[in-house]
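The primary structure of each chain is shown beneath.
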Amino acid sequence: VPKKCQKAREHFGTVRTQMESLKTKFPADQYYRFHEHWRFVLQRLVFLAAFVVYLESETLVTREAVAEILGIEADRERGFHLDIEDYLSGVLTLASELARLAVNSVTAGDYSRPLRISTFINELDSGFRLLNLKNDSLRKRYDGLKYDVKKIEEVVYDLSIRGLNKEATGGVGGEK
Amino acid sequence: GSGGFRKRKHDNFPHGQKKEEKENVNPSSPLMTSFKSFQLELDTRHDKYERLVKLSRDITIESKRTIFLLHRFTSAPNGEEILDESEVKLDAVRRKIKQVAQELIGEDMYQFHRAISPGLQEYVEAASFQYFIKTRSLISVEEINKQLIFTAEDREETTNTSSNSQDKQPHTWSLKVTPVDYLLGVADLTGELMRLCISSVGNGDIDTPFELSQFLRQIYDGFTFIGNTGPYEVSKKLYTLKQSLAKVENACYTLKVRGSEIPKHMLADVFSSKTELIDQEEGL
Numbered sequence: 001v002p003k004k005c006q007k008a009r010e011h012f013g014t015v016r017t018q019m020e021s022l023k024t025k026f027p028a029d030q031y032y033r034f035h036e037h038w039r040f041v042l043q044r045l046v047f048l049a050a051f052v053v054y055l056e057s058e059t060l061v062t063r064e065a066v067a068e069i070l071g072i073e074a075d076r077e078r079g080f081h082l083d084i085e086d087y088l089s090g091v092l093t094l095a096s097e098l099a100r101l102a103v104n105s106v107t108a109g110d111y112s113r114p115l116r117i118s119t120f121i122n123e124l125d126s127g128f129r130l131l132n133l134k135n136d137s138l139r140k141r142y143d144g145l146k147y148d149v150k151k152i153e154e155v156v157y158d159l160s161i162r163g164l165n166k167e168a169t170g171g172v173g174g175e176k
Numbered sequence: 001g002s003g004g005f006r007k008r009k010h011d012n013f014p015h016g017q018k019k020e021e022k023e024n025v026n027p028s029s030p031l032m033t034s035f036k037s038f039q040l041e042l043d044t045r046h047d048k049y050e051r052l053v054k055l056s057r058d059i060t061i062e063s064k065r066t067i068f069l070l071h072r073f074t075s076a077p078n079g080e081e082i083l084d085e086s087e088v089k090l091d092a093v094r095r096k097i098k099q100v101a102q103e104l105i106g107e108d109m110y111q112f113h114r115a116i117s118p119g120l121q122e123y124v125e126a127a128s129f130q131y132f133i134k135t136r137s138l139i140s141v142e143e144i145n146k147q148l149i150f151t152a153e154d155r156e157e158t159t160n161t162s163s164n165s166q167d168k169q170p171h172t173w174s175l176k177v178t179p180v181d182y183l184l185g186v187a188d189l190t191g192e193l194m195r196l197c198i199s200s201v202g203n204g205d206i207d208t209p210f211e212l213s214q215f216l217r218q219i220y221d222g223f224t225f226i227g228n229t230g231p232y233e234v235s236k237k238l239y240t241l242k243q244s245l246a247k248v249e250n251a252c253y254t255l256k257v258r259g260s261e262i263p264k265h266m267l268a269d270v271f272s273s274k275t276e277l278i279d280q281e282e283g284l
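Which chain is which? The protein sequence lines are W and C, in order. Everything in the first sequence is counted per UniProt numbering, starting at 1 for the first residue and increasing by one. Everything in the second sequence is counted per UniProt numbering, starting at 1 for the first residue and increasing by one.
I should point out that these hints are in silico values taken from the structure, not numbers from a laboratory. Any given hint could turn out to be false.
[As the list claims (entries may be wrong)] For lysine to any residue, the following SDA-like pairs were computed, each having C-alpha atoms within a straight-line distance of at most 20 Å:
(1) C:Lys36 <-> W:Glu123
(2) C:Lys48 <-> W:Lys23
(3) C:Lys146 <-> C:Gly191
(4) C:Lys36 <-> W:Thr62
(5) W:Lys134 <-> C:Val53
(6) W:Lys25 <-> C:Met109
(7) C:Lys176 <-> W:Ala28
(8) C:Lys36 <-> W:Lys23
(9) C:Lys242 <-> C:Thr172
(10) W:Lys134 <-> C:Gln99
(11) C:Lys48 <-> W:Asp83
(12) W:Lys134 <-> C:Ser213
(13) W:Lys146 <-> C:Met109
(14) C:Lys36 <-> W:Ala74
(15) C:Lys36 <-> W:Gln30
(16) C:Lys48 <-> W:Glu77
(17) W:Lys140 <-> C:Arg45
(18) C:Lys36 <-> W:Ala28
(19) W:Lys134 <-> C:Arg45
(20) C:Lys36 <-> W:Lys25
(21) C:Lys36 <-> W:Pro27
(22) W:Lys134 <-> C:Arg114
(23) W:Lys25 <-> C:Tyr110
(24) W:Lys23 <-> C:Leu42
(25) C:Lys48 <-> W:Lys150
(26) C:Lys176 <-> W:Pro27
(27) W:Lys134 <-> C:Leu40
(28) W:Lys150 <-> C:Val25
(29) C:Lys36 <-> W:Leu131
(30) W:Lys146 <-> W:Asn122
(31) C:Lys36 <-> W:Leu60
(32) W:Lys134 <-> C:Glu50
(33) C:Lys54 <-> W:Asn135
[Stated by the list, open to error] Under 7 Å between C-beta atoms, here's a sample of chain W residues computed to sit facing chain C:
(34) Tyr31
(35) Arg33
(36) Leu60
(37) Ile84
(38) Gly127
(39) Leu130
(40) Leu131
Note that the structure is a prediction, hence the values are computed from the model and not measured. C-beta: ideal position from N, C-alpha, C; glycine also.
Work the whole structure out from these sequences, hints included.
What follows is the structure in structure tokens.
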């Protein structure tokens with residue numbers, strides 16, 4: 001896994017170069033006028049950055065960190081920036097991908113990862129519950145989060161009733 | 001709501017275990033702290049958007065009322081009064097626009113453009129209508145924007161706004177109507193001018209229709225010059241503009257052909273049909 005993350009990080013170098021070029025194509029204070037052009041791509045990039053960071057550290061990448069990976073600013077005042085809603089959309093895509101990872105981890109014989117994913121996703125869900133969203137695309141995507149949560153819970157449940165997670169947690173607490 | 005899916009799988013899940021998991025989320029973890037700040041940021045942004053929507057609605061209503069007022073203008077003595085009153089109304093609208101400008105300080109206007117665009121279009125319509133009545137010409141977008149430069153009026157405002165060391169001109173706000181909003185406002189103006197044409201005939205004024213025909217034709221030419229290169233909304237308005245122009249041209253035709261035959265006070269009846277002018281019996 002670490003090696004793949006390293007490789008992914010290298011790809012972000014190309015992204016950074018292209019962002020540099022994109023920044024120059026329009027006046028800096030009209031970001032939102034053209035925002036829709038790159039919105040989709042930016043959200044995908046956020047997701048990819050978040051995924052790499054999760055695989056490396058099992059934490060949620062911060063907005064500032066994503067901005068750095070992509071070579072853009074975190075705040076609007078400083079120029080071409082990452083909009084908070086795009087960041088959140090990318091993070092929600094990460095949740096879906098982690099649900100998929102949980103399933104495939106079990107298939108691959110890794111019974112501890114799903115548990116850790118579950119903890120992470122639950123915290124993420126609690127975070128999102130704090131937000132007052134409008135009925136826009138972000139809200140719709142957020143509505144999908146509960147299905148990801150459910151899927152992961154099912155995986156964890158399947159493991160626990162078969163006692164498989166006990167083998168796993170034995171390793172987490174410290175080898176006996 | 002989000003509780004629905006839990007109920008379906010109820011028999012499969014040990015309820016107690018799930019509750020325990022959720023309570024294990026630390027409310028002051030870095031992630032939760034981030035999300036609390038996200039909540040604040042999103043709420044602030046949504047609140048601002050709503051304030052702007054409300055201002056835009058007020059602007060629209062007052063502009064529409066100004067237009068109705070201006071339709072009552074004639075060359076009769078009270079015309080001057082009506083113009084004065086319209087100026088008062090438009091000043092009130094401009095005060096609202098000033099509030100919009102204040103809300104938008106430090107913001108990217110395009111992020112909130114959809115909130116304020118309808119109001120601004122309506123204002124352009126009202127302001128250009130008043131300008132036409134006064135000068136028989138089309139107000140330019142520069143002229144409109146010149147009237148939308150605001151300074152702090154009284155000491156109260158000055159102390160309320162924090163003077164930023166970055167401001168070169170402290171306490172000046174301005175709003176620039178975008179070319180697109182200007183065009184859309186002018187397109188709507190043509191509809192009002194068409195109504196003006198029909199009603200002026202009813203008042204016995206048979207010169208205005210011909211002036212309007214010329215004027216509208218020039219506007220129409222301008223729009224066809226833009227053609228399809230503008231945004232979709234502009235093209236949509238072009239269709240209505242064409243219809244308005246046709247109505248005015250038909251009115252002029254009727255006046256020319258039959259005007260001398262029909263007593264002035266009957267002219268209003270001739271123009272009373274809303275669509276194509278009906279062929280009426282001669283010698284009313």
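Each hint tested on the structure:
1. C:Lys36 <-> W:Glu123: holds, 13 Å
2. C:Lys48 <-> W:Lys23: violated, 27 Å
3. C:Lys146 <-> C:Gly191: Violated. Lys146 of chain C to Gly191 of chain C sits at ~25 Å, over the 20 Å cutoff.
4. C:Lys36 <-> W:Thr62: holds, 13 Å
5. W:Lys134 <-> C:Val53: holds, 15 Å
6. W:Lys25 <-> C:Met109: Holds, because 18 Å separates the two Cα atoms, which is no more than 20 Å.
7. C:Lys176 <-> W:Ala28: Satisfied, since the Cα-Cα distance of roughly 17 Å is no more than 20 Å.
8. C:Lys36 <-> W:Lys23: violated, 30 Å
9. C:Lys242 <-> C:Thr172: violated, 40 Å
10. W:Lys134 <-> C:Gln99: Not OK: Lys134 of chain W and Gln99 of chain C at ~24 Å, beyond 20 Å, violated.
11. C:Lys48 <-> W:Asp83: holds, 16 Å
12. W:Lys134 <-> C:Ser213: This hinted pair is violated, its Cα atoms lying about 47 Å apart.
13. W:Lys146 <-> C:Met109: violated, 35 Å
14. C:Lys36 <-> W:Ala74: Between Lys36 of chain C and Ala74 of chain W the Cα gap is close to 17 Å, so the pair holds against 20 Å.
15. C:Lys36 <-> W:Gln30: violated, 28 Å
16. C:Lys48 <-> W:Glu77: holds, 18 Å
17. W:Lys140 <-> C:Arg45: holds, 19 Å
18. C:Lys36 <-> W:Ala28: Between Lys36 of chain C and Ala28 of chain W the Cα gap is close to 29 Å, so the pair fails against 20 Å, i.e. violated.
19. W:Lys134 <-> C:Arg45: Roughly 11 Å separates the two Cα atoms, so the pair holds.
20. C:Lys36 <-> W:Lys25: violated, 34 Å
21. C:Lys36 <-> W:Pro27: Distance of about 32 Å is beyond 20 Å: violated.
22. W:Lys134 <-> C:Arg114: Cα-Cα ~15 Å, so holds.
23. W:Lys25 <-> C:Tyr110: holds, 17 Å
24. W:Lys23 <-> C:Leu42: violated, 25 Å
25. C:Lys48 <-> W:Lys150: Roughly 35 Å separates the two Cα atoms, so the pair is violated.
26. C:Lys176 <-> W:Pro27: holds, 16 Å
27. W:Lys134 <-> C:Leu40: Answer holds: Lys134 of chain W to Leu40 of chain C is near 14 Å, not above 20 Å.
28. W:Lys150 <-> C:Val25: holds, 17 Å
29. C:Lys36 <-> W:Leu131: The given pair, whose Cα atoms are some 8 Å apart, holds under the 20 Å limit.
30. W:Lys146 <-> W:Asn122: holds, 10 Å
31. C:Lys36 <-> W:Leu60: Holds: Lys36 of chain C and Leu60 of chain W sit about 15 Å apart, inside 20 Å.
32. W:Lys134 <-> C:Glu50: It holds: about 11 Å lies between the C-alpha atoms, which stays within 20 Å.
33. C:Lys54 <-> W:Asn135: holds, 19 Å
34. Tyr31: Status holds, d = 6 Å.
35. Arg33: Holds. Min distance 4 Å.
36. Leu60: holds, 5 Å
37. Ile84: holds, 6 Å
38. Gly127: With a minimum Cβ separation of about 3 Å from chain C (threshold 7 Å), the hint on Gly127 of chain W holds.
39. Leu130: holds, 5 Å
40. Leu131: Given a least distance of 5 Å, the restraint on Leu131 of chain W holds.
This entry does not satisfy hints 2, 3, 8, 9, 10, 12, 13, 15, 18, 20, 21, 24, 25, going by the numbered hints stated previously.
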